[in-house]
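Undergrad: Sequence:
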Amino acid sequence: MLPLHLGNVYIVIIPKMKKLCLEFLVYTASGDSEGTLGGLVRQGMHDSLPSILNSALNRALWCSNDPICIDSTGQGRNSLNLGACHSCTLLPETSCEEYNLLLDRSMLIGDMDNRDIGFFKNLILI
1 MLPLHLGNVY
11 IVIIPKMKKL
21 CLEFLVYTAS
31 GDSEGTLGGL
41 VRQGMHDSLP
51 SILNSALNRA
61 LWCSNDPICI
71 DSTGQGRNSL
81 NLGACHSCTL
91 LPETSCEEYN
101 LLLDRSMLIG
111 DMDNRDIGFF
121 KNLILI
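As numbered in my numbering, residues 1 to 126 make up the sequence shown, in order.
Some hints could be false.
Said to hold, decoys possible - In silico DMTMM-like links for lysine to aspartate or glutamate, alpha-carbon gap of 20 Å or less:
#, residue 1, residue 2
1, K18, D71
2, K121, D71
3, K16, E97
4, K121, E97
5, K121, D111
Calculated from the structure, these hints are not laboratory results.
Predicted model only: the values in this text are computed from it and were never measured.
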């Protein structure tokens with residue numbers, strides 16, 4: 001795991017509609033004693049990325065605010081978030097260019113009663 005302070009990590013999401021794929025860029029604006037851009041590059045190498053993705057999905061299965069978090073019917077600005085809170089999904093405002101909107105863990109991993117509705121249902125190791 002790369003020990004960067006979350007306030008120093010930035011994410012840019014780049015949708016590619018013609019190719020039906022999604023690209024994203026994770027970067028740090030400054031290096032310090034907690035980590036550098038070189039550390040981010042190493043974490044994104046082909047041999048590391050699958051295990052990082054699997055770990056992230058399995059960590060998303062449970063939030064310390066569940067079942068309240070994942071069963072939410074709307075929270076945040078204009079109730080645009082569903083299963084997302086500061087304990088599990090929300091980033092510091094300076095790190096998220098989309099202002100932490102339209103987030104929902106259950107879309108990715110399913111809800112507590114039905115994991116089969118999650119987009120990544122085949123990758124989750126329960």
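Undergrad: Look at each hint and say if it fits the structure.
TA: Status of each hint after checking the structure:
1. Between K18 and D71, the direct Cα distance comes to roughly 34 Å. Violation of the 20 Å bound is thereby established for this hinted pair.
2. As the CA atoms of K121 and D71 are separated by approximately 18 Å, the hinted pair is consistent with the 20 Å bound.
3. The straight-line distance between the Cα atoms of K16 and E97 is roughly 17 Å, inside the 20 Å bound, and the hint therefore holds.
4. With a CA separation close to 27 Å, the supplied pair K121 and E97 exceeds the 20 Å bound.
5. A distance of roughly 11 Å separates the Cα atoms of K121 and D111; the hinted pair therefore holds under the 20 Å criterion.
Of the numbered hints given earlier, the model fails hints 1 and 4; all others are met.
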